[in-house]
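Given the coordinates of chain A, assemble chain B onto it according to the supplied hints.
Here the protein sequences line up with chains A and B, keeping their order.
Sequential numbering from 1 applies to the first sequence in my numbering.
Sequential numbering from 1 applies to the second sequence in my numbering.
It should be emphasised that the hints constitute simulated quantities derived from the structure, not laboratory data.
Be a bit skeptical, because a hint or two may be false.
[Unchecked claim] Computed, partial: chain A to chain B, Cβ under 7 Å:
hint	residue
1	A114
2	G121
3	A180
4	S183
5	K190
6	K204
7	S205
8	Q329
Even glycine gets a Cβ: it sits at the ideal position worked out from N, Cα and C.
Chain by chain, the residues:
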Amino acid sequence: MNWDLIASTTLTQAIGPGVVVFALAAIGLNVQFGYTGLLNFGQAAFAAMGAYGLAMGVATLGWPFWWSILLGLAAALLLAVLLGVSTLRLRADYLAIATVAAAEAIRRTFRSVALREYTGGAEGIRAFADTFREYGVALGFERGENVRYGPFFYPLQPHLWVMVVGWTLIALCLLVVWLAMRSPWGRVLKAIREDEDAVRSLGKSAFSYKIQSFALGGVIGALAGFMEALRIGNVAPDQYHTTFTFYTYAVLILGGAARVFGPVVGAALFWGLFNFLTAFLGEAARLGGIPVGPLEIPVSGLITPAEVGPFVFVLLGAGIIAMLIFRPQGIFGDRREISLNVR
Amino acid sequence: MYADRMTTTGRPGRELARQALAEVAAEPGVAKPAPILVADGVLRRFGGLVAVDVAHLAVQRGAITAVIGPNGAGKTTLFNVLTGFDKPQSGSWTFNGRRVHGQRAHQVARLGMVRTFQLTKALSRLSVIDNMRLGAVGQVGENFWLSLLPFLWDRQEREITERADQLLAWFQLDAMRDEFAGSLSGGQRKLLEMARALMVNPELVLLDEPMAGVNPALAQSLLAHVKQLRENGMTVLFIEHDMDTVHDISDWVVVMGEGKIIAEGTPDQVMADQRVIDAYLGAHHDGAVRTAAGQEAAVGPAPVVRPAGPEREPE
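The following block holds chain B by itself, in its conformation from the complex:
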């Protein structure tokens, strides 16, 4: 099933997304013709620090939207808030027109909005295939009483395994199928996490720095996979530091700085925007160059310019 869809030639998804966004004005908080996710007035404070203060954000359905910004701009916190992993002080957002705010993380995921993490969360002491199987939703055998009666769920388990094997093959992890996930390399874990998220059958995938710490060859294949998600009708929202990557795959770019959205537009528009150059891409240096944390340093040619606080994650 997946294998067929994954080998689609041509790029109808890309063309559709670019056409739809061509008429949209390049300004922060602009409305989109067919939004899948709409957020309003999202405010997240940690004590005196305003981590996220987003007045309006709309994410176009079927497009790849990149979120960029310096360390501490609130990108990951925004992801955490939108996916229910963190609670904001205020704000409302809808997914597919349904209210999402106030829902718990697992409920958000069940609606079809699935995230990955900046620090990869491979389930180390589970096999790769079990990592994948875990992602499937609506499993009969996940009920305790029914789990004791294998004949009730083993057929569904076979179907899930079949789908998992197809995805593993597509992500070239099939050779590692029965290994513990903990024995995978860092890049393979990124692939596994993305593949596992797809087991949920999401409509919107939120990827938090999917290329961070991945070697260039693997990064290329990851990129190809992300593009293919769009061709399969999925919407992708991702955080990335590498501007070449952003330019290559995204249809729309949202720039964050100090918790706010400071610019939006197509990659070309954004990269020519003076505010973005000032805040992120680095025209003037008003302090020592430094990275917030080791993980950020591993990104590679990240245009990290301004000194910034650490990217906060909830405990």
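With the rest of the complex left out, here is chain A:
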């Protein structure tokens, strides 16, 4: 068994471009769900708004890169306001249904044949990341060669540059979230999570704060969409399936909701674990056994390489269920906060 490869894959991915995307999406969701208690099950739609705003701005409209970035942010903001005004008066569970439906509607719209000439249909859009890569080349982060530091290995694609930009964005978002959540503004959001009517009875417009929270989380979600688009160099509707939202929730639950660093640690752990299990079980299935010291646990007949992918999801699902039972507050959470009787 090639432990070097497994360790290298795990460590590389644990801080890699995929983590950047999930961490950003989860930081946004943390504002909405963790702090404000809004069950947004449409985070994928906000990421899609960012990604498609950028891609369509450059490739369809022929706009410059930065204008297209602004277009993506504006699209996410618009979605937040439209979705917010129409659904934020709903109770938590209805909000979840409305947002998941909206996200699917948006994905299918991007995917539709009728809009193919603008959105690229199911294949999506390519050729919008050139300017981004040129910045990377100019700053010396993209060398057109494989990059290796110790166990960390990033192949030819612009992974290193995506990571530099992505982790900078993460740091900025964490700073904003940290500052906002220790302020009176953040206090109002947390109070809304606990009881909206109490907040209204104290002279604050709960609705206005919910829209603000929704918009901030959505814009951070759009940043996740930018990074997803730029890391792959392609925007396609099925990247923004509801599974994107569910992964984001898994990340948030793992790291601990309503904690500044929860989403980032959750993302690194989730994605690292995912890649570890895939690599490890892939090796085991290929070799037909797991070596433990001098012994070997035979797995041939139990799992084939093709079954590894789905089985990893089974394990992660079981892990998240176990997490919810034994440590519902996540890695960073405060158990007392969870166990208090909410009413």
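Then chain B, alone, in the frame of chain A:
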């Protein structure tokens, strides 16, 4: 600041309120010499059920007014309507001479008319002190962009915290200052909710069953606090079932039955009123005694006599 005002000796507020109301006739919908809140033609229907149908209600400034009545009489619904938490089919009301109807709940609160809830709404996963700080109005740091620049609001935050600490001390919650509000007992939550409402600096406080489910010792201290609000120039309108309490602290009593105001007067006048005895205090029993909901049952010696529908609250 609060501590000074809270230890005032003598009862000028009480005397003033009683004198002002002494000449007022004891009849439903009677005008008051100095009303702070005046409501006209408030009608709230839930389908076929008329929950509130109040022709005229005036609340005397600086007095403690009790609202009593059997379960389902529309007391809480009236509170909800007046404070913007529920919309009536018709009706108009003014607070301090300013139109209030049609305003949203938070706008009503900002005008200086603040309510508490029958089912206490402590913000469980916020600390007690944060519950208090939340109540302060006009906070610079509640704007998102300004919240990112702490130097713009940290001085105001210190002032708010100082005021909150004084109120907590007055309500004897200072020992719990940094605990989660969810770890407080039921009675302490009632105290916290009242203290938090005072952070808004209200002129009129509407208390929905402040003593319900509170042990007798704590209820006494709550009562003392409510009386002290009057001495500090605030007006109190409260819903209560316990007649001893009502008699002890209120200057004026409004009796509701089936959505209407069926009697008004001083506590003594009301308790001698035959309509009130019939409808509420219990002279004749025309059905099985029952309480509408568990919360009502917890009130204690509540003179709940007539079978009545549940006290409606909007979703």
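Hints, verified against the model:
1. A114: violated, 38 Å
2. G121: This interface hint is violated because 38 Å lies over the 7 Å limit.
3. A180: holds, 5 Å
4. S183: holds, 4 Å
5. K190: Constraint on A/K190 satisfied, holds at 6 Å.
6. K204: Result: holds, 6 Å to nearest chain B Cβ.
7. S205: holds, 5 Å
8. Q329: Violated, about 11 Å.
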